[in-house]
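Participant: All chains should be modelled from the sequences, with the hints used to inform the complete structure.
For the record, in the sequence shown the residue sitting at position 135 is 354 according to the working numbering, with numbers rising by one throughout.
Everything labelled a hint here was simulated from the structure, so no lab data went into it.
Careful: at least some of the hints might be erroneous.
To be verified - Once the Cα atoms are required to be at most 25 angstroms apart in a straight line, the calculated DSS-like pairs of lysine-lysine come out as:
1) Lys349 <-> Lys286
2) Lys296 <-> Lys286
3) Lys353 <-> Lys387
4) Lys340 <-> Lys353
5) Lys410 <-> Lys230
6) Lys363 <-> Lys230
Unchecked claim - Cβ-Cβ distance ranges computed for the label pairs, FRET-style:
7) Pro293 <-> Phe320: 30 to 40 angstroms
8) Leu276 <-> Ser310: 18 to 28 angstroms
9) Ala220 <-> Leu285: 33 to 43 angstroms
10) Ala306 <-> Glu361: 19 to 29 angstroms
11) Gln394 <-> Phe320: 17 to 27 angstroms
12) Asp404 <-> Thr266: 39 to 49 angstroms
13) Pro391 <-> Ser222: 19 to 29 angstroms
14) Ala244 <-> Val381: 39 to 49 angstroms
15) Asp404 <-> Asp282: 44 to 54 angstroms
16) Lys296 <-> Val235: 52 to 62 angstroms
17) Glu289 <-> Glu234: 46 to 56 angstroms
18) Asp404 <-> Asp374: 41 to 51 angstroms
All figures in this text were calculated on a predicted structure; none of them were measured in a lab.
The beta-carbon is built from N, C-alpha and C at its ideal position, and this holds for glycine as well.
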Amino acid sequence: AFSSVRNEIDKGVREVFGGIQPFLAEASPANLNTESFALLNSAILETLRLSAVLSSLRVSQRDFDLKDSEGTIPIRKDDYILLDTRAAHRSEGSYPDGDKFIFDRFVSKEYENDITSAASKPFFAFGAGKHLCKGRFLIIYEIKVLFIVYLSLFDITPVSNVRGASWKPPQPSAQSLGTMHTTEDVFVKLKPRSAL
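Facilitator: Structure follows, in structure tokens:
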């Protein structure tokens, strides 16, 4: 996954911008939201899908019955309703292999502009409805720029924090809320890359 995204970034920066220096001057949300950076966009969305730990608490405005595949839950006016985004984002019905990181899951054109408007699948990393984050396009753009700069300028190698042990992906802490925390520190080795 990492090498595929890095290769796409190298190629996109070279072909779309002519190098990292012109990229720094000319990057915009529009020219980073293209097929040239589809894997990067997908990897970011997949990371957000798996790491979003926010919860959405609402108060029912009226009585109604909430139906799901297992039955009906009566909700009364003024009841509190808590949406578990982790469960929605890992649902096998919406995301096959929902507990796995699949970096190219969101490459489809359906996800090119605004993931939150793709009604076929739940995606609540930026909230939902009238509480949808107005800055979601800016933050996705900022994440893309950050990744492009880092991966263009540095070779990044994961390092085990225990001598002799092989590196393992970080595991999320069960105590995470709002921002995902890992159970252990994550160590990487940065080495400047030769100019593109």
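Participant: Each hint should be assessed against the structure and marked as holding or not.
Facilitator: Here is how each hint holds up against the structure:
1. A C-alpha spacing of about 22 angstroms is found between Lys349 and Lys286, which places the hinted pair at or below 25 angstroms, so the restraint holds.
2. A C-alpha spacing of about 16 angstroms is found between Lys296 and Lys286, which places the hinted pair at or below 25 angstroms, so the restraint holds.
3. Between Lys353 and Lys387, the direct Cα distance comes to roughly 35 angstroms. Violation of the 25 angstroms bound is thereby established for this hinted pair.
4. A hinted pair counts as satisfied when its Cα atoms are at most 25 angstroms apart, and Lys340 with Lys353 qualifies at roughly 20 angstroms.
5. Restraint check for Lys410 and Lys230: the C-alpha separation of about 20 angstroms stays at or below 25 angstroms, so the hint holds.
6. A C-alpha spacing of about 15 angstroms is found between Lys363 and Lys230, which places the hinted pair at or below 25 angstroms, so the restraint holds.
7. Between Pro293 and Phe320 the beta carbons are some 37 angstroms apart, a value that agrees with the proposed interval 30 to 40 angstroms.
8. For the hinted restraint 18 to 28 angstroms between Leu276 and Ser310, the CB-CB distance of approximately 20 angstroms keeps it satisfied.
9. Between Ala220 and Leu285 the C-beta distance comes to about 37 angstroms, which sits within the given range of 33 to 43 angstroms.
10. Between Ala306 and Glu361 the CB atoms are about 28 angstroms apart, so this pair conforms to the stated range of 19 to 29 angstroms.
11. Restraint check, Gln394 to Phe320: a C-beta distance of roughly 21 angstroms satisfies the suggested window 17 to 27 angstroms.
12. Restraint check, Asp404 to Thr266: a C-beta distance of roughly 18 angstroms breaks the suggested window 39 to 49 angstroms.
13. A C-beta distance of roughly 24 angstroms is found between Pro391 and Ser222, which places it inside the suggested range of 19 to 29 angstroms.
14. Between Ala244 and Val381 the CB atoms are about 43 angstroms apart, so this pair conforms to the stated range of 39 to 49 angstroms.
15. Between Asp404 and Asp282 the CB atoms are about 49 angstroms apart, so this pair conforms to the stated range of 44 to 54 angstroms.
16. A hinted range of 52 to 62 angstroms for the beta carbons of Lys296 and Val235 is consistent with their spacing of about 53 angstroms.
17. The hint said 46 to 56 angstroms for the Cβ distance between Glu289 and Glu234, and at roughly 50 angstroms that hint holds.
18. At about 20 angstroms, the CB distance of Asp404 to Asp374 disagrees with the hint of 41 to 51 angstroms.
Checked against the numbered hints given earlier, this structure breaks hints 3, 12 and 18; the rest are met.
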